[in-house]
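Q: The chain contents come next:
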Amino acid sequence: MEMNGSAIVAMVGKNCVAIATDKRLGQQALTVDMGFEKVFPVTDSMYIGLAGLATDVKTLRDRFRMRVNLYKHREERTIEPGTFANLVSHTLYERRFGPYFVEPVIAGLDKNQQPFICNMDLIGNINYAKDFVVCGTASDNLFGMCESLWEPDLGPEDLFEMVSQALLNAVDRDAMSGWGAVVHIITPDGTITRELKGRMD
Amino acid sequence: MAGLKPGEINLGTTIMAVKFDGGVVVAADSRTSTGAYVANRVTDKLTKVNDRIYCCRSGSAADTQAVADIVSYHMDLYSSQHGERPTVKVAASLFQEICYQNKDNLSASIIVAGWDEQKGGSVFEIPRGGSLHQQEFAVGGSGSTYIYGFCDKTFRPGMNREECIEFVKNAVGLAITRDGHSGGVIRVAVITKDGVDREIVYGNALPPQYTG
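Heads up: the sequence lines are chains L and G, in that order.
The working numbering applies: residue 168 is where the first sequence begins, and numbers increase by one.
The working numbering applies: residue -10 is where the second sequence begins, and numbers increase by one.
If you're looking for bench data, these hints aren't it; they were derived computationally from the structure.
The beta carbon of each residue, even a glycine, is placed where N, CA and C say it ideally should be.
Each hint should be verified, as a subset may be incorrect.
[What the hints assert, rightly or not] Reference excerpt, derived from the structure (chain L facing chain G, CB under 8 angstroms, subset only): (1) G202; (2) T304; (3) M329; (4) R340; (5) A342; (6) M343.
With these hints in hand, go ahead and build the complete structure from the sequences.
A: Here is the structure:
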């Protein structure tokens, strides 16, 4: 899990959610890519972030895309965050004894515009949270930042500021993550995506 | 040669020293890591050994601090006994003696650089194992591997003080970008017969480079 490096955090606000990630791809100490995508849209109002081994991140992105599209065809509606979380969990547990080395983070709004976040371990145990979830090599640092910064009922702009500070300061203490950051704020009116300027060391 | 023990603090690093006519420029990053955690992001890896000789430390933080302290003591003793400052060669030889005789227990890779009356500026590198190499310029630490090509291409003998300072800022900056175990600020020290000028280069003042 320490091979490629990553830091992903999701937080709940007032009628909105935020998901943020760093952009580094490394081979242990060497930085190979500073623009590696780890957070992907699932639907218009839901994103999934995948922290861990880069090859599994890419493979799972494609597998989830296929399963969500099939769901849409069969059910004739878009998948809800809670259902998608179970889909992800099942996909990971299918490989219980030869797992994908990823830890997913899901953030989105359900059909009633209620915020939803959760994260999982590499074999699909779902952890639902009402405040924030973290994963990646900087997860310990992120826990500290989120626990001290988070407060309930923040609007999209305040939530953006808070999640950005939590991520930037957490990755600055982790040698394996950083090199740029992306933040998505998901609101009922749409998703705002912003790139952060961070330390490139 | 010993490796780092589990949990031992690592000066995963980029260090560098360049000789010019009149003295030397030494530079280092400021990250100390314990595994992936950045234990200190403002470390000073440029350690004074005497008023005109500095060493750049990489490898185990504990080992290099201990060795530098011992050499510093011997420098004081030499000055007291001889009434003059020891040469850089003397300091480097002392580092070598300790690093070589204790090679099984140490994880230390050190660059010694400074100015003395006899030779002006000198740069010596003592990699793990305890061999001594006098060079025009030296790079060391985990980040050095990423900048050998850049340094070989950019270095010319006979550069002046300003050119050497630009050279080290560019080189250490490039290594910091690519090496996960190097980061923070760039500390630069210029050692001449008149003394030591220390400078800090923050991330926003680095020479421009491609970062994707």
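Q: With reference to the structure, classify each hint as holding or not holding.
A: Hints versus structure:
1. G202: With a minimum Cβ separation of about 5 angstroms from chain G (threshold 8 angstroms), the hint on G202/L holds.
2. T304: holds, 5 angstroms
3. M329: violated, 22 angstroms
4. R340: holds, 5 angstroms
5. A342: holds, 4 angstroms
6. M343: holds, 5 angstroms
Checked against the numbered hints listed earlier, the structure breaks hint 3 alone; every other hint is satisfied.
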